[in-house]
Structures are given as C-alpha cells and as structure tokens.
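Using the sequences and the hints, build the whole thing.
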Amino acid sequence: MKRILLPAGGAILATGLLAAGLASTAQAADTYSADELAGQAKAAEILDFWTKSDNAALKQAVAFNPDALEVQKISSGGGYTSDTKPGSTAPIGEEKKVAAKVQNVNLPKTIGKVFFEGTDGKLYWCSGTSIQSQYRNLVATAGHCVYDIGGNDEVVSKWVFVPGYYQGKAPFGIYVGKQAFTHYDFDVYEDFDRDYAFVTVYDGIGGVAYAHDKVTYEQYRDAAAKGEAVDTKRTEVSKDEFDKAQNTPNKVYYDVELGKGSSEAGPDKPGSVVDRVEVTKAVYDQAVTDKKVGRGQGFIFGDPVVENVDKATWESYTGKGTKSAGADQFGNYTITHYYVQQWYVPGTSTKYYRIDYYVVSHKVRSIGRLGDVVGGQGFAWNQPSGKYVRTFGYPYGPHLDGNKPFTGVTPKWCYGKTAKKALLIPSKKVEEQQSMKCTVTAGYDGGPWLYKYSNAKRLGYVNGVTSLIADTDGNKRYDTITSAYFDGETNVVYQAAAKAWSGKLIP
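If you're matching positions, the sequence shown starts at 1 in this note's numbering and goes up one per residue.
In short, the hints are calculated from the structure, not lab data.
Even for Gly, the Cβ is constructed at its ideal location relative to N, Cα and C.
Hints may be right or wrong, so weigh each one.
Claimed, not checked - Straight-line alpha carbon distances no greater than 20 Å define the calculated SDA-like cross-link-like pairs of lysine to any residue that follow:
| no. | residue 1 | residue 2 |
| --- | --- | --- |
| 1 | K457 | L107 |
| 2 | K437 | T480 |
| 3 | K59 | K169 |
| 4 | K269 | W343 |
| 5 | K214 | V305 |
| 6 | K504 | A44 |
| 7 | K239 | Y253 |
| 8 | K85 | G488 |
| 9 | K251 | V237 |
| 10 | K233 | T350 |
| 11 | K233 | H337 |
| 12 | K420 | E431 |
| 13 | K323 | Y339 |
| 14 | K437 | V105 |
| 15 | K233 | P304 |
| 16 | K452 | K214 |
Stated by the list, open to error - Derived CB-CB ranges, DEER-like:
| no. | residue 1 | residue 2 | range |
| --- | --- | --- | --- |
| 17 | D30 | G326 | 54 to 62 Å |
| 18 | E36 | G87 | 24 to 32 Å |
| 19 | D372 | K122 | 31 to 39 Å |
Below you can see the structure in the form of structure tokens.
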C-alpha cells in the first residue's frame, strides 16, 4: 500500500517481543478512527425524528450526490500489493434455498438504505449492508456516507440504517447508529483509497403501532386540547344504567341514540332522557353564564371538545364548531365543539351507550439485533483482483447528460470481474481503488461488493463498498463504479468495529 501507519513517538523497548506487541497495538489504534454517532438519549431523539408522521423524514430524503464526489479524471495504474495474507470472516446464517434460473438474482436480505442529515441540513441516503460482527450489530457502507467530506473532520447527523427499505416502509426495523469506524486517512485526509466505514447500531426498532390507553374524561379532554391523538369507543348498555348516570358527574360517559318518534321535552317530563346537542360558542357561553338557555333545557353538557382534523376537513368545515386560526406549531388543525343538554321523550328503538375515552400513543418495540433479524454478510480482505463480484445498491441520481433511468425505490445489482489494474484519481487521492463496469448512478454508493455470492443462500463476503461512480469514456453516462481495496489495514478497522458493543435502544 502507499502508506503504512506507524505509532508516533515512544521509546524502543529492550525486550523485542514486548516491543512488537506494543507496536502492534499502537499501530492498530493509529490505523482507525472511532467516532460516536449517538448516545442512547440522542438515539431516541433520532428515532423519533425519522419515524414520526408515518416515517415522513425517510420519504423526504434523496440520494447523496454532492459536487465533491464528481470525478474529473480517471486512469489505470499498476496492480495491487497485498500487505498481509488473504483472509475472510464467514457470514451470519443462511437464507432458505430458493429455486431460481441462472439469470435471476435473489436479493440479499441484508442490504438497505443508510439515512442521515448532511451538514447542509438536508436529508440524504446511501446504500449499505449488514455484516458479520461479534454482537451482530454492524453495517458496512462508504466512508462518505458517514463522515462529512467538507473538510471539517466530523460525522454526519441522525444516522440510521433501514434494511429492505421500500417507499417509506421499514419491514425489518430501523437501526440507529451508535459508533462509526473508518480508516484514519479517510477521517483526517479524506483519502478515498480508504472510503469505507463500519457502523455499530443499536437493536432494531420495529412494530410501530398505535396503542389505545384508556383514560378519564378529564384526561381525554386535556390531551385533545394539547393536540394529542384521542379516540372514543361506545358500548351499548341498558336504559337503567344510562338513567342512573344522568344526575352524576359520570353522565359524560354516556350517550343516547334516539329512535323513531322521539320528541323534545323538558327536564321534568316523566321518562325523558337527556342528550347532548351541538351549539355555537356564543350559545354555549350564554349557557355558562345563565346556567340555562331557551326553555330551561339548555344546561351545558361537559366542557368543549377539541377535535384534531386534517387540513382538507378544516378548510371545508361549515358546522357550529369553532375552527382554529390555522395549523399550530406541530401542524395540527383543530375544531372545537360546544354542547348543551336537551331532554327528549325517547321513541322506539332508542339505544343507550357507555363511552370509553382513550389517548392514542405511538409505541415501538425492540425487535432484536440486526444480524439476528436479517443476517450479515461475511468479510474478506487481500483478495486477488480480476475476480467476479456481485454488487448491490439503490441507484437514483441522473447521469451527467440528465437522463434519470433509476427511481431509487428498489435495489439493483451488477455482476462482473474487478479490473486487474488499480485506478488513479488524483482529485480524490486515489492510487489503488478497484473498479468494475456498472452503469448505475448516485445512491448506489455505499452498497456492498460481494465476493463468492451464493444466490441460494443470499450471502457472500463484503470485499468492497461502492465509493465513486465514474464516466470513463466521456459520453456523459456513468459506466464504472469504484471501491477501496480491502487490505490488511481495512481488516484492522473492521475488527475494531466488529468487537464493539452497542446494546438496546428500548429495554
């Protein structure tokens, strides 16, 4: 390799074996950078950011394609020089064998999209994959999909991995990044010969659901007033149960559905029942002041009820309730309803109901470690060039001529031999990247290069991740993808990440 890192400073020890051991430890520490992405409290905020409003933020993100990734000149260099012996780490588990024709490709369950917020405040995504590790909690992707390439030596914000992502859906959960590992040269010098990163993630969060928590009427009323989601459930009861509640505070828990032949009556009419009638705010306010309106039949029926509605309902509403002036700071539109009491002589088929009140809460659950849920690809380093690999990712961006053949909705793949000669890209400090022919576009970067991929098991060995996407013949169409060559120093970075624990986000 063009650069071998050595420990800085330090005395030469008399004992050779001890010196070699300490030097090895120091060199490993100097080879990689480890940076925190999110502590547990911050991770919970990140999860809420991406999942609220039905994963709205995930849907807003676009493929990461900054000008800083533009490749102006590209040429072939010499061959690769292995710094250690070839090696590999086996993948996690196996998929059920699927009968398929040779030309069909079974997509690996491990691949997905990496989402993050850039330093410009915009939301982006790259590709990535689950990879084998001690705690089954590791994602492999491009370094520029984790570390800011603007020169400020920082990681990006709000980093998550969503395997199997499809149009706002997270079928295998969402995994918040905890700690990022990359080569020191990429972190400090933005050397694209080291454009890779391994990210530990917390246990996945999935099973997003809306739980109905039963509450008192007062809690329901207060939650609705604050714009929280609320709901009610009606259960039919006897007239006797309904009547017993009418002269108690529990009347707000009951309702009547008047049948045929019902007629208005006064409160002293034998056999009469009380129902709520919606009125304007002015009538309600007068009832509060006078305790009654009209013929003495208009006592107020509980406090005003705040209803959360969508914008279309809010705009078209013409009823007696009072509309909010507009959306509040959370984007909620509301209509406030006012009710007074009205007595009726019930007709035939009148029904009586008990009302149960609920606050609707957004609950999620831990679904386990990433590798246990989707498996994990193996890892290989110092493998020979000129071998077949299968690459995967989510292309989305346009070609240089403006043509945009990919949607980014579903993953695509390329298959072929890696070039025997290394690439030279001076603008990116590239002297030894590997390459292969593939006509994809931005969004594919970060996706895995899988060596010895088994179509039946959907598993292989990560031997690279897409770094740059280049037009090598000048026709304004991308035709080549590149990856850092995974050597012994890459294995040092990987091993450090593979031994790092992350834990659960939700107990």
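Outcome of the hint check:
Among the hinted pairs, K457 with L107 is consistent with the structure: their alpha-carbon atoms are about 10 Å apart, no more than 20 Å. A threshold of 20 Å between alpha carbons decides the hint, and for K437 with T480 the separation of about 4 Å falls inside it, so the pair holds. For a cut-off of 20 Å, the pair hint linking K59 to K169 stands: about 9 Å separates their Cα positions. The straight-line distance between the Cα atoms of K269 and W343 is roughly 8 Å, inside the 20 Å bound, and the hint therefore holds.
Note on K214 and V305: the hinted pairing holds, with a Cα-Cα distance of about 17 Å set against a maximum of 20 Å. Restraint check: the Cα-Cα separation between K504 and A44 comes to about 11 Å, which is no more than 20 Å; the hinted pair holds. Between K239 and Y253 the CA atoms are separated by roughly 14 Å; this keeps the pair inside 20 Å, and the hint holds. Distance restraint check for K85 and G488: the Cα-Cα separation of roughly 8 Å lies within the 20 Å cut-off, and the hinted pair is therefore satisfied.
Taken as a hint, the K251 and V237 pair is honoured in the structure, with Cα atoms around 13 Å apart against an allowance of 20 Å. Distance hint between K233 and T350 is fulfilled; the C-alpha atoms sit about 18 Å from each other, no more than 20 Å. Distance restraint check for K233 and H337: the Cα-Cα separation of roughly 18 Å lies within the 20 Å cut-off, and the hinted pair is therefore satisfied. Proposed proximity of K420 and E431 is supported: the alpha carbons are some 14 Å apart, at most 20 Å.
About 15 Å separates the Cα atoms of K323 and Y339, which keeps this hinted pair within 20 Å; it holds. Simply put, K437 and V105 have alpha-carbon atoms about 18 Å apart, close enough for the 20 Å limit, and the pair holds. For a cut-off of 20 Å, the pair hint linking K233 to P304 stands: about 18 Å separates their Cα positions. Pair hint K452 plus K214 does not hold up; C-alpha atoms about 55 Å apart against a cutoff of 20 Å.
The hinted window of 54 to 62 Å between D30 and G326 holds, with their beta carbons roughly 57 Å apart. For the hinted restraint 24 to 32 Å between E36 and G87, the CB-CB distance of approximately 29 Å keeps it satisfied. The hint said 31 to 39 Å for the Cβ distance between D372 and K122, and at roughly 33 Å that hint holds.
Of the numbered hints stated above, the single one contradicted by the structure is hint 16.
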